[in-house]
Every structure is written in structure tokens, then in C-alpha cells.
Amino acid sequence: MGCAYARGVENHSLPRTAAFFDLDKTVIAKSSTLTFSKSFYQGGLINRRTALRTAYAQFVFLLGGADHAQMERMREQISTMCRGWNVQQVREIVAETLHDLIDPIIYDEAASLIEEHHTAGRDVVIVSTSGAEVVEPIGELLGADRVVATRMVVGEDGCFTGEVEYYAYGPTKAEAIKELAVSEGYDLERCYAYSDSVTDLPMLQAVGRPHAVNPDRALRREALARGWQILDFHRPVRLKQRIPGFAVPPRPALVAAAAIGAAAATAGLVWYANRRRAMPL
Numbered sequence: 001m002g003c004a005y006a007r008g009v010e011n012h013s014l015p016r017t018a019a020f021f022d023l024d025k026t027v028i029a030k031s032s033t034l035t036f037s038k039s040f041y042q043g044g045l046i047n048r049r050t051a052l053r054t055a056y057a058q059f060v061f062l063l064g065g066a067d068h069a070q071m072e073r074m075r076e077q078i079s080t081m082c083r084g085w086n087v088q089q090v091r092e093i094v095a096e097t098l099h100d101l102i103d104p105i106i107y108d109e110a111a112s113l114i115e116e117h118h119t120a121g122r123d124v125v126i127v128s129t130s131g132a133e134v135v136e137p138i139g140e141l142l143g144a145d146r147v148v149a150t151r152m153v154v155g156e157d158g159c160f161t162g163e164v165e166y167y168a169y170g171p172t173k174a175e176a177i178k179e180l181a182v183s184e185g186y187d188l189e190r191c192y193a194y195s196d197s198v199t200d201l202p203m204l205q206a207v208g209r210p211h212a213v214n215p216d217r218a219l220r221r222e223a224l225a226r227g228w229q230i231l232d233f234h235r236p237v238r239l240k241q242r243i244p245g246f247a248v249p250p251r252p253a254l255v256a257a258a259a260i261g262a263a264a265a266t267a268g269l270v271w272y273a274n275r276r277r278a279m280p281l
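Under our numbering, the letters of the sequence shown match residues 1 to 281, in that order.
No lab work stands behind these hints: they were computed from the structure. Among the hints, a few may not be true.
[Stated by the list, open to error] Each pair of labels, with its calculated beta carbon distance range:
#, residue 1, residue 2, range
1, Gly158, Glu189, 40 to 48 Å
2, Gly155, Gln229, 40 to 48 Å
3, Arg220, Gly121, 37 to 45 Å
4, Gln89, Arg190, 39 to 47 Å
5, Glu96, Gly208, 25 to 33 Å
6, Gly185, Leu224, 27 to 35 Å
7, Gln229, Glu76, 28 to 36 Å
8, Lys178, Ala120, 15 to 23 Å
9, Lys38, Val153, 21 to 29 Å
10, Asp232, Pro104, 14 to 22 Å
11, Pro171, Gly208, 13 to 21 Å
Since we're looking at a predicted model, the values are computed, not measured. Each residue gets a CB set at the ideal place from its N, CA and C atoms; glycine is no exception.
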């Protein structure tokens, strides 16, 4: 399927290139982490008060995005909230509800861009501040080749400790992209990047072809000043409506996919193996 937003996407066999996508409000219309709050509540992971608080946070996020201070507060709240959660239970909840919650909020324009980049022989990498247990299954659903996401420390009991092992945010996103370029042979000057938030400015600056998608006011100013293309994504659509023959996998398969998502979706992420370090809360 063609896409007006992909005009200028060229096909080059060498050197390798990639398209890096932020996830929330760039590929999907909401916050991926907050979208699962009702499911986490129904699964007994959070109480009603926390569910209402995350619903309010989602509302604020949709109204105007989140600046650095808000993102930091959100990180602290989510770290505290998930302390003690069983990782396997989280993966199963995400797998069970993935298509019901995420499929309807994928931007048609973003899905078309992903198709265009794959057709051009370009890898597609999702780079998200949300947790890996949420982002990896979404990346698999979208057909992404790799995923960069925040990772929480998991204790010997299989539960989150509440500490952050790797925080995919701001400069660390750009760092991950640059290290992927080294390990995968990407020519960053010919790579693409897409984001809605000024907090992703380092990621956008790391490539030769940055794009502001549904940008917040600060990113819009930066994009206009730098002459970057600004894209407007506004048509969420279910994948089965735009891909002939697309079918939702049976639930056991989804659970299995989520359980092995870390190995499948992050294959080749040498940067992570080399930089396993705890991030301060």
C-alpha cells in the first residue's frame, strides 16, 4: 500500500539503513504503558485508585504530551507501581489483551510508513521509553525488526524490584541508535527517525532524515527552525482492516510470543549486552 508520507523514501542496497520510530503518539495514538492499566487492574496488579490515576495520566498525555519533568515523574510512579509484579503474569496479561487494546489505536499512516521502509529494504526499529514487556509484543505485532525499550530489574523470585536497569529516554535513545549503527552497519546519514516529543530531539538529531510526527509545541518549533518535515497522523485503524487476510493469532500463541519476545524482538542489540547497568531512580 502506498503512503503519501513516504515520498522520498529511496531504495538503497548498500550501506544498510533503518527507520527508527518512537511508539507513543507516533505509531500508536496513546501511551502504550498506560493503555494496559485497566487490564492490570482486572488482573489484580493494581488497585482501583491506581487505575484511576493512570487513566488521568493518559488523559493529560493525550492533551499535550509530556515534558521532561512529567516524564521523570511518570517513570518514578511506574517504577513504584510495578514493584513486586510477577513478570510472567505481566507478559500474559499483555498477550491476552494486545489486539483488543493496541490494534485499534495504530495509526494507519505509521503502519503504511513501516511497510514502505520494509519495501525499501530498510530495517524498522521501535525505540520507546515504555517497558520491554509491553513494547516487545507491540513491536512484533507491527513487524518491527528490533526494539529498544526500558528494562526493569527482575529479582530471583521473577518479580520486578522497582529499580530501572536501562532507561530508554532522551540521550540514551540516541546512544542506542548510534551503537546499533555500529553493530548493524547502518549509515545514520541515510536513516530515518520519527517522534512526537521534544524529549526525543537527540534521537532525531542522530539521523540524517528526521521527522516530527504530531509534534508537541516545543518539537514543532525545533522542526520548523531546522527545516524538518512535519507529519500529521490522525487515522487509527485495525491491522485486519488494512492488511488482507490478517488474523488475530490464538491466545496461547500470543502468550508464547510474549514470553519469547525479548529474544526475538531484540536480536542483534549488541549495545544492550555491552551496557547492562542500573539507572538511578
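Hints versus structure:
{"no.": "1", "hint": "Gly158 <-> Glu189: 40 to 48 Å", "in the structure": "holds, 43 Å"}
{"no.": "2", "hint": "Gly155 <-> Gln229: 40 to 48 Å", "in the structure": "holds, 45 Å"}
{"no.": "3", "hint": "Arg220 <-> Gly121: 37 to 45 Å", "in the structure": "violated, 31 Å"}
{"no.": "4", "hint": "Gln89 <-> Arg190: 39 to 47 Å", "in the structure": "holds, 42 Å"}
{"no.": "5", "hint": "Glu96 <-> Gly208: 25 to 33 Å", "in the structure": "violated, 40 Å"}
{"no.": "6", "hint": "Gly185 <-> Leu224: 27 to 35 Å", "in the structure": "holds, 33 Å"}
{"no.": "7", "hint": "Gln229 <-> Glu76: 28 to 36 Å", "in the structure": "holds, 34 Å"}
{"no.": "8", "hint": "Lys178 <-> Ala120: 15 to 23 Å", "in the structure": "holds, 22 Å"}
{"no.": "9", "hint": "Lys38 <-> Val153: 21 to 29 Å", "in the structure": "holds, 26 Å"}
{"no.": "10", "hint": "Asp232 <-> Pro104: 14 to 22 Å", "in the structure": "holds, 19 Å"}
{"no.": "11", "hint": "Pro171 <-> Gly208: 13 to 21 Å", "in the structure": "holds, 19 Å"}
Checked against the numbered hints given earlier, the structure breaks hints 3 and 5 and satisfies all the rest.
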